[in-house]
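Start from chain A and add chain B according to the hints.
If you want the building blocks of each chain, they are given just below.
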Amino acid sequence: MTHSFFLFSIEKLILASIVFGITLVVAMYSTLAERKFAAFFQDRLGPDRAGPFGMFQPLADGLKFFFKEEFIPAKADKFLFILGPSIAMVMSCMSGAVIPWGDRLTLFGHSVSLQIADINIGVLYIFAVVSLGVYGVILGGWASNNKFALLSAIRASSQMISYELAMGLSLIALVMTTGTLSLGSIVHQQVGFHWNVFFQPIGFLVFMICSFAETNRTPFDLPECETELVGGYHTEYSSMKLGFYLFAEYINMFVASAVMATLYFGGYQIPGISHLGLSPNLVTLLGSGFLFVKIFGFIFLFMWVRWTVPRFRYDQLMRLGWNVLLPISMINLIVTGAILVLR
Amino acid sequence: MPVFFGIIATTIILSGLGVILSKRPVYSILSLIICLYAMGALYLTLHAEFLAIVHLIVYAGAIMVLFLFVIMLMNLDRPEHLNRSRLLQWSALAVGISLVLVIGSTLYTPSGPWVVAPMGSVHAIGRLLFSKFIVPFELSAVLFLAAIVGVVITAKVPHPEGDTE
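The listed protein sequences derive, respectively, from chains A and B. Residue 1 is where the first sequence starts when you use my numbering, and the numbers rise one by one after that. Residue 344 is where the second sequence starts when you use my numbering, and the numbers rise one by one after that.
Worth flagging that the hints you see were computed from the coordinates, not collected in a lab. Each hint should be verified, as a subset may be incorrect.
[Claimed, not checked] Straight line, CA to CA, 25 Å or less: simulated PhoX-like cross-link-like pairs of lysine-lysine:
#1 A:K64 x A:K78
#2 A:K78 x A:K68
#3 A:K75 x B:K366
#4 A:K75 x A:K12
#5 A:K147 x B:K475
#6 A:K36 x A:K78
#7 B:K475 x A:K78
#8 A:K36 x A:K147
#9 A:K294 x A:K36
In this text, all values refer to a predicted model and were calculated from it rather than measured experimentally.
If we strip away everything but chain A, and leave its shape as in the complex, we get (with noise of 0.2 Å):
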């Protein structure tokens, strides 16, 4: 019994590892991607000095965060203002630990799952995380005693809930065409081509526009609008901190393309891969391949998004949340129990 808890913990230590690795490299190198595309879409060069196309660019950005002067306004509340940036990271790296990042892998003997954690209310799960993301963001723009940063956090937070609203009930409509809330049961469900987004579409579409605004990502970057707040919630940051703040929202890219792949684009399932007769290993690594290549194919949308489309003002943010979505989710929800009923 021990024993076997003992590997058990060994193994699932390793896993996380892993996909905390994983996340961190993938968030490091969206930074470079976005100042790429950015610089595509601007007809501009980008970021090309440090390494062969600038592939050094994020160690050196990193660097330059650690080097910077560490700076903490009098006036703040030094053990929050340290506390909110560390909250914003942790909560944006927990989602990783239910999103399940290939199917089974068979090492020495032992069966691996390649998913940290099933359990049962993974989506739930998730809700929670991003529910508690908020605090992150309260804390620093309360603590650093500054009125853009207060503005901007009670902002960010009021955006967060009224989006979390619409999301959750695009996320009931698929679960109750699912029938379950475990994500690795979501994923086994769509064999083939029985991609959630094909029954759901109107809820996906609700789900992703709501991860753009959970995510701050423009056009809902309200929070950090230069314009109006200074530099938003994390005006007043400097240094690491402020490149926790920043690099929490890549790795919220991240985690929020993964979602997004797993709930409604099938997540590791390669449609008709079990017709070629390969070795199961091999199926599972191709199929986290094609996770991944789905994954930086939504993140590639945030920032085509990004570089594409202007700023909302913040009545037509809420405008959008309470009169635009909250309805057309609810709409879904009920056409979808219909359906389901009369079947």
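Relative to chain A, chain B alone:
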């Protein structure tokens, strides 16, 4: 398992003390959030995953954010704003003791509050809510709706010109 319970119980007690002993309201709220987290962990050890997560979403994720909002917007985070009258302190003590008595008395009931089966799962709670407790469940939904409408009505300031933009 006793190790986990020990850690969780210690966290709950320490953070609970933090709620009442902190000089500043914001730290009280943070302690309360930690306390709610630990309670969610306690539910997890009882195999009530659904309850644990909903507990976190509703209390730690929504209601505590509201508390923080009020403290921050009203600028209440100064110790001198706290109402520390004798009457309040004594009544809080009385309420606390009676709460402990009520919860403690369940320990001595013959059937016991012990969890015999995993009843905190989505299926178990869903079945209970839509069979045995369907009427209270639907009634509480109506109650919530009434509360929402009431808030909208009271919060709506009538415009003198009549237009809302």
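Now for the hints, and whether the structure bears them out:
1. A:K64 x A:K78: 23 Å, holds
2. A:K78 x A:K68: With a Cα-Cα distance of about 18 Å, the restraint between K78 (chain A) and K68 (chain A) holds, given a limit of 25 Å.
3. A:K75 x B:K366: Holds. K75 (chain A) to K366 (chain B) sits at ~18 Å (cutoff 25 Å).
4. A:K75 x A:K12: 43 Å, violated
5. A:K147 x B:K475: 51 Å, violated
6. A:K36 x A:K78: The hint is violated at about 36 Å.
7. B:K475 x A:K78: 51 Å, violated
8. A:K36 x A:K147: This hinted pair is violated, its Cα atoms lying about 34 Å apart.
9. A:K294 x A:K36: Judged against 25 Å, a Cα distance of about 20 Å means the pair holds.
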